[in-house]
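Peer 1: Line by line, the protein sequences are chains E and V. Each residue of the first sequence is one higher than the one before, counting from 63 in the numbering used here. Each residue of the second sequence is one higher than the one before, counting from 63 in the numbering used here.
Don't read these hints as lab results, they were simulated from the structure. Just to be clear, a hint being listed does not mean it is correct.
Remember, identical chains collapse to one label, so a pair may be satisfied in a single copy or spanning two.
Okay, derived cross-link-like pairs now, DMTMM-like style, lysine to aspartate or glutamate, Cα gap no bigger than 25 Å in a straight line [to be verified]:
#	residue 1	residue 2
1	Lys94	Asp251
2	Lys247	Glu226
3	Lys341	Glu270
4	Lys287	Glu240
5	Lys377	Asp418
6	Lys341	Glu226
7	Lys287	Glu137
8	Lys247	Glu309
9	Lys94	Glu161
10	Lys341	Glu97
What follows is the residue order along each chain.
2 protein chains.
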Amino acid sequence: MSDLINARDAALRARAEKVVPSGMWGHLHAVKLPEAYPQFFARGEGGVVWDVDGNRYVDFMCSWGPNLLGHHHPEVEEAAERQRRLGDCLNGPGEVMVELAEMLVDTIAHADWALFQKNGTDATTTCVTVARAATAKRKVLVAKGAYHGAVPWCSPSLVGVTAEDRAHLIYYIFNDIESLENAVKEAGDDMAAIVVSAYRHDLGFDQELPTEDFAKAARRLADSKNAALILDEVRAGFRLYTAGSWEPLGVRPDLSAWSKAIANGYALSAVTGSDWLRKAASQVFVTGSFWAGAVAMAAALATLKVVRRDDVPAKVSYLGQMLRDGLETRSRQFGVSIRQSGPAQMPTVLFDDDADFAKGSAFCRAALAKGVYFHPKHNMFLCASHTEADIAEALVAAEHGFAAVSASGDSS
Amino acid sequence: MSDLINARDAALRARAEKVVPSGMWGHLHAVKLPEAYPQFFARGEGGVVWDVDGNRYVDFMCSWGPNLLGHHHPEVEEAAERQRRLGDCLNGPGEVMVELAEMLVDTIAHADWALFQKNGTDATTTCVTVARAATAKRKVLVAKGAYHGAVPWCSPSLVGVTAEDRAHLIYYIFNDIESLENAVKEAGDDMAAIVVSAYRHDLGFDQELPTEDFAKAARRLADSKNAALILDEVRAGFRLYTAGSWEPLGVRPDLSAWSKAIANGYALSAVTGSDWLRKAASQVFVTGSFWAGAVAMAAALATLKVVRRDDVPAKVSYLGQMLRDGLETRSRQFGVSIRQSGPAQMPTVLFDDDADFAKGSAFCRAALAKGVYFHPKHNMFLCASHTEADIAEALVAAEHGFAAVSASGDSS
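Next comes chain E alone, as it looks inside the complex (with noise of 0.2 Å):
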């Protein structure tokens, strides 16, 4: 099916297999996707990735989403050599962090704090933590389906996962406010929160933006109980809107969880807050031996300084948009029918008829092969480097991904 070699990223799968289980883990194993794409990379400029056989790709998961302004982003790597040349991992924070917690409170509307980790993770259980501490309270409300990071209380998966670990969620359909007004009439005196995603991203589903009406009773909901509506940011986070996903639909949360995109893949996550909220948060106990660290901070720095002033949502939607409207045009031209889904900088891309994601896998597998890095079920992500050319080289790929999946006859 390919053309690619692939001899290198085959050798180290194997060797990978006697000391890794089942040789990756996680959201980045292969095995999730279709035959042919390769397990281990070498390199990344801007938007395009090399595996470590050579093969080129043209990248639309961009990391899965830290890489935000494109790999060696000058400005970003500049400011973490200056702070790498003076210290990274302390007995304390640097002066840096100061100046990223400012500029967060600067940036984010509703933010009058922060609060800094490792992972995304780490982010939405401090915020859970963080609400139950300044409420007294248990139950936190999470939408069906929504992936809020990869522990006991929220995995995906309930393998090693006991029923107390989730004794307290109460789940909701995303968009749904009847089912969220039930959800909270569930919760009765005992509600903490109501945790939201920026935007419905559930693997291999289309992807929704929130209704502002949802959004605005998830608002109000959350008030009616004196809980916390936490937004989770990590996925969508800056790169939908700088001041927060859902400040354009006129509703601020009070805890939002960010990571992936904000330092531009340095390993960095944070916890913005409101003032109602500094009390509980000064009085949980969330730690961890790298949080301090200044290096992803001085990044995370340089890389919000360049999406604000180069309005880097804008930027991205604007080549979202181009690829978007590019795949619908020959999609037509194919005779194939997809569904393309989510905000145009986080696309997602299915086809009709396709239970089994059996035309997806085809149509990214010749992409593939052409040097285009797709996803077949899960939201993509495109980067500020990307370039015009960029797009037109993956129409290209697109086109040869149209074809397999009109030639397996399958095409509706």
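Go by the hints and put chain V onto chain E.
Peer 2: The following block gives chain V in isolation, referenced to the frame of chain E:
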């Protein structure tokens, strides 16, 4: 009290107070340290750090563990920089992940495989999740007062934590075989794991190395229930004994959690496991946005090469013993009774009749003013870049510390 200039630190604290709840959080919050200790640090070299006011300290906290080889260790930095020029956070791991996993399996006596994360808490949580997945049991035995991380299931604080988060924990006392036997009995047929720290390093108490009898009992009791013996090496790993801290006791765990020193300050943690847990480890869903980051792995690989080649634990132990012997002699000269405990590489120094740590604080403040950074109640850390001259400097500062304690009239 202090000779230190701290205007910049004070100014940063005032700014931080506005944008970070209580100005800082977690274990690095200077409010938990004696007055005059700086909150903010500017740089580090080897075993020395400078605060933001330019005060220089021979550092015996070593970033609370991560700084094992010294800040800016040339081999670690060169390996990290080489990887950085290629790429860090990509769509999958680099070749270095395989090399690092192979290195861990080759280095750690019990290890058949490895998984990587970012925080120590990620590693301990993954161990528990894997043990539950493998055994289909729920109860986890932990020592009273032990620190295994800062999320609800194990946090030392109950603020924002629910009873259900702790529902399946059963407590025993470190080094107390009978208490462990009772905990095993209490777990009945529902025991997934015994979690135990490499040694007892509870805050504010004399440290205890595990007795051989206790370690063997833990092994035997875990085996009697087909449960996993989980060794928490996050704090002690690669300082006590390269092949695993319990290797000299002749006891091998089934799972170990590693972090802190593993990459000499780069954010990384790891789980190593035995073959019987390999399948379960491939079934649980654990992941994070930055867990495959190649730069931290390159740093870890370089760190472990140095640890093995130079027998770093022995080197650090030699320096720690020199400090310990010197403190013992000088405390007697000043008529001050101290208790030194724990491994020489990670010494704890406590004062007799000092329930409120007033003597410890007076000692530390006086030493700090002379350019040496000790901790009054937490275990400290030495690194391989400390020199005999650093130890000599520390002992001169300690004389000022003991003099301060002695002058306070409370010496016993």
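Peer 1: Against this structure, judge whether each hint is valid.
Peer 2: These are the hints, each one checked on the structure:
Taking identical chains as interchangeable, the C-alpha atoms of Lys94 and Asp251 are never at most 25 Å apart, the minima being 42 Å within one chain and 36 Å between chains. For a Cα distance limit of 25 Å, the shortest separation of Lys247 from Glu226 qualifies both inside one copy, at 21 Å, and across copies, at 21 Å. In this assembly of identical chains, Lys341 and Glu270 lie within 25 Å of each other by CA distance neither inside one copy nor across copies; the values are 34 Å within and 36 Å between. For a Cα distance limit of 25 Å, the shortest separation of Lys287 from Glu240 inside one copy, 16 Å, qualifies, whereas the shortest one across copies, 48 Å, does not.
For the homomeric pair Lys377 and Asp418, neither the shortest alpha-carbon distance inside one copy (34 Å) nor that between copies (58 Å) is at most 25 Å. In this assembly of identical chains, the alpha carbons of Lys341 and Glu226 lie at most 25 Å apart only when taken from different copies (24 Å versus 28 Å within one copy). Within a single copy, Lys287 and Glu137 get their C-alpha atoms no closer than 44 Å, and across copies no closer than 56 Å, so neither meets the 25 Å cut-off. When the C-alpha separation of Lys247 and Glu309 is checked against a cutoff of 25 Å, the pair qualifies neither within a copy, at 27 Å, nor between copies, at 55 Å.
Taking CA atoms no more than 25 Å apart as the test, Lys94 paired with Glu161 passes between copies only; the shortest distance there is 23 Å, against 40 Å inside one copy. When the C-alpha separation of Lys341 and Glu97 is checked against a cutoff of 25 Å, the pair qualifies only between copies, where the shortest distance is 23 Å, while the shortest distance within a copy is 51 Å.
Taken one by one, the earlier hints fail for this structure at numbers 1, 3, 5, 7 and 8, listed in ascending order.
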